[in-house]
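Visitor: Let chain A serve as the given structure and place chain B on it in line with the hints.
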Amino acid sequence: MTITLDDLVLVLTECAGADDDVTLTGQNLDVPFTDLGYDSLALLETAALMKQRFAVDLTDEEVTGIETPREFLDRVNHAAAQAA
Amino acid sequence: MTLATPAAQETPERTGRPTAVITGIGVAAPNGLGTEQWWQSTLQGTSGIGPVVDYDASRYPSRLVGRIDGFEAAEHIPGRLLPQTDRVTRLALVAGAEALADADADPAELAEQDGYGEYGCGVVTSNATGGFEFTHREIRKLWTQGPQQVSVYESFAWFYAVNTGQLSIRHKLRGPSGVLVSEQAGGLDAIGQSRRTLRQGVKLSLTGGMDSSLDPWGLVSHLASGRLSRSDDPATAYLPFDTRAAGQVPGEGGAMLVLEEETAARARGARVYGEIAGYAATFSPRPGSGRPPGLERAARLALADSGLGVEDVDVVFADAAGLPTADDEEAAALRALFGPYGVPVTAPKTLTGRLFGGGAPLDVAAALLALRDGVIPPTAGIDRPVPEHRLDLVRGTPRHTPLRTALVLARGHGGFNAAVVVRSPEAA
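Protein sequences, first through last, are from chains A and B. Each residue of the first sequence is one higher than the one before, counting from 1 in my numbering. Each residue of the second sequence is one higher than the one before, counting from 1 in my numbering.
None of these hints come from the bench; they were simulated from the model. The structure displayed is predicted, hence computed values, not measured ones. Every residue gets a Cβ at the ideal spot worked out from N, C-alpha and C, and that includes glycine. Each hint should be verified, as a subset may be incorrect.
As the list claims (entries may be wrong) - In silico negatives: residues of chain B with every beta carbon more than 12 Å from chain A:
| id | residue |
| --- | --- |
| 1 | G79 |
| 2 | D106 |
| 3 | A108 |
| 4 | R140 |
| 5 | E183 |
| 6 | P340 |
Claimed, not checked - According to the in silico footprint, chain A covers these stretches of chain B (three or more CB under 8 Å from chain A):
| id | stretch |
| --- | --- |
| 7 | 82-89 |
| 8 | 149-160 |
Extracted from the complex, chain B is given alone in its bound form:
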């Protein structure tokens, strides 16, 4: 590879860049397993947040989680995969299969077709916490029974990349693949990387993110962040942009999306939900540096990448930290971008808790269905918005309005920021 000037590097990418469209959605969320069930819950304001029920969490300072109830892995996953998969991988496999079925795409069949080949389909996912429950069980065996008793599958079942690997094996997604770990911004980074693989000739890329770490050890680890709400009221524990905002609720789940090069998708007659029109990531300076956080810059860069302006954005799916300082920073970024009350803002994640690597892809799924249905899903529970934020928060009930462009924002602990611009197929 030869060195190129930045200008020479950018030009071919911008002009010859394939259009990336989403053709399939699969969802595993605390308020719905499966896209339809989750979307109905999201519009109706049905919450998946509740107290821990799998073990006695009464002595934990935070006891609320967004847990997917009634998930019986054996109903969805081949028996051979059960001993070697953590819950998070099982959820990823279920959502991945749903997304591919929704796209009516079988990568093994596509590999036989012109223009695809063996490496024409890949998978890029995000994960922030690995296989916690599995590891908890195996580490307990290690210190109670000894190393001989530890499952050999611990070698990969814990690993951030395991969802990508198992999806690759299961669906023969052999093209350029990867995993992005950038805490809660990772889901958008995975979608951005998936889009990049189309420029390498990939025709179809399964992307998104999934996390699950609500076992006792996982919850303790989340507690250590110092960001969890201590409320016992599921309706008011996680209240971003509210004067009562006092922390987050950890949840499990996420979404898988089928991303395709548009010409290939149209050629096989795929239904198109929308385009991933823009993506960008930035890193915030260290706290106390005096320099501004990077979220606004990520949004501006993603819009520039899409060729659209702030005036084109019809709705923003906010990161919605639920922590007063972080909420203030995001509201300031939104005011700087759109002006006071300049764009409808929503955070349906108030119904699921924060899903780590899976949260932002679920927001992208919500953005795609919002564009499709002409409806902005509401933010739940916000009765007392912070007046100084000057946000047009969509609260309580869905808002019906034609939508062409959505901006999805995500932040990850440690300074990660990412933004994605989603465009409806009619507008694209």
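Bound-form chain A, shown alone:
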């Protein structure tokens, strides 16, 4: 299966909350997470829940190196393909 942007938005919102002013959509896949208001802890939390939901395991070093939503999706889908 492919982990989609919708999956990421659900998990990210659950882990790090959401605001009306900045929302993650297909339009800002290449905007850095920091500009979207999500810091490194938010991504670590998101990666932890991704592991529970989708059994994809990223190391903390991999997670903290990720800058954009597109990179995040590429990483988790790559890891999912490796695991399959």
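Guide: The following block gives chain B in isolation, referenced to the frame of chain A:
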């Protein structure tokens, strides 16, 4: 830094010391969320003490708490902050925002102005119990589901300093900041430290304290102190200075205050509630040492710091432990300072329970509004004052009288004592 003699150290501080005034108040209390609601409740004698309702506490030996009902964090806090904050931090953020709005001060804007700069505004708060409810939930995940399930935000959501940190981030309070942990005296120590930062050039410092730890684990921890009342009657469970005094009721909440250097506050046209004219802290000797407890000394040092005498004090907001020995000690200190029945004494915390790091800042807020309105809020429920205390306790109904100077006392378990002298702006 060179070593200086004590005299050389004290002189510049005393002569060149900036005047610290309070220009904003924010309150989260069991008998009122928001300053106005709480102050009305305080004057009307409306209590926020009641039975635990969030879980079954029927098998706990103490079942009464001062809980803030109807607090919906999502109505006040940005969504991004909800997953990473304990209830205590949410309360601190709400009260902090209220205090800054009340002071009509936006630190981000002030940073752009002459005399402020990026580090001209700071935040110093007190907290005694950390983020209990959040930690309770995460520790439960740890032992039921494993470490992978524990929120990464537990890393700081539990921590005493987290309220200061979140307030700093949210309001761009980047100047000298800190957190004071000295149990229930901490709120006054935070105000004292906040005042010290003005001497380092800070123009505005958000200060005060907040605590919340009434979840099942938190209540068990309070029980372990052995100081909680076992009464089931909210009206008589916490009765300081009463012959029936038999323990304390734990509550949640506190107050945030905007402290400013007076010249800067006047220059921007701020409304001034009053001055933090004096502050001191002492530590009591160990029990059984034969030496006297340190509360009286803290009061004398705070008065000396303010340049005022005992005859200037118009009202005392007492620590009011609700434990017979501690009440006797505080009454003795008050008699030694003011003589028998020498000054009106009150304890509006009888309506909220004890708020740990948040309690004393709430008393300072009450003192400021008492000075403003010329009214001493009453101590609730005290029908049988201990005759030997010889205190002029303000009981039952508010006492209307002109007020210029208030003394606020606080004690923390383990020996902490602190005192603050609050002066009305007209008198300052």
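Visitor: Evaluate each hint against the coordinates.
Guide: Hints, verified against the model:
1. A beta-carbon of chain A comes within 12 Å of the beta-carbon of G79 of chain B; the shortest separation is about 4 Å.
2. In this structure D106 of chain B is separated from chain A by more than 12 Å, as the shortest Cβ-Cβ distance comes to about 18 Å.
3. Even its closest Cβ contact with chain A, about 16 Å, leaves A108 of chain B beyond 12 Å, as expected for a residue assigned away from the interface.
4. Non-interface call for R140 of chain B relative to chain A: holds, since the shortest CB-CB distance, roughly 16 Å, exceeds 12 Å.
5. Interface exclusion of E183 of chain B from chain A stands, the closest Cβ pair being 30 Å apart, more than 12 Å.
6. The Cβ of P340 of chain B lies farther than 12 Å from every Cβ of chain A, with a closest approach of about 57 Å, so its non-interface assignment holds.
7. Given a C-beta distance limit of less than 8 Å, the hint that chain A covers the stretch 82-89 of chain B holds, as 3 residues qualify and 3 suffice.
8. With 5 residues having a beta carbon nearer than 8 Å to a beta carbon of chain A, the stretch 149-160 of chain B meets the requirement of three or more and the stated coverage holds.
In terms of the numbered hints stated before, the structure departs from hint 1 and from no other.
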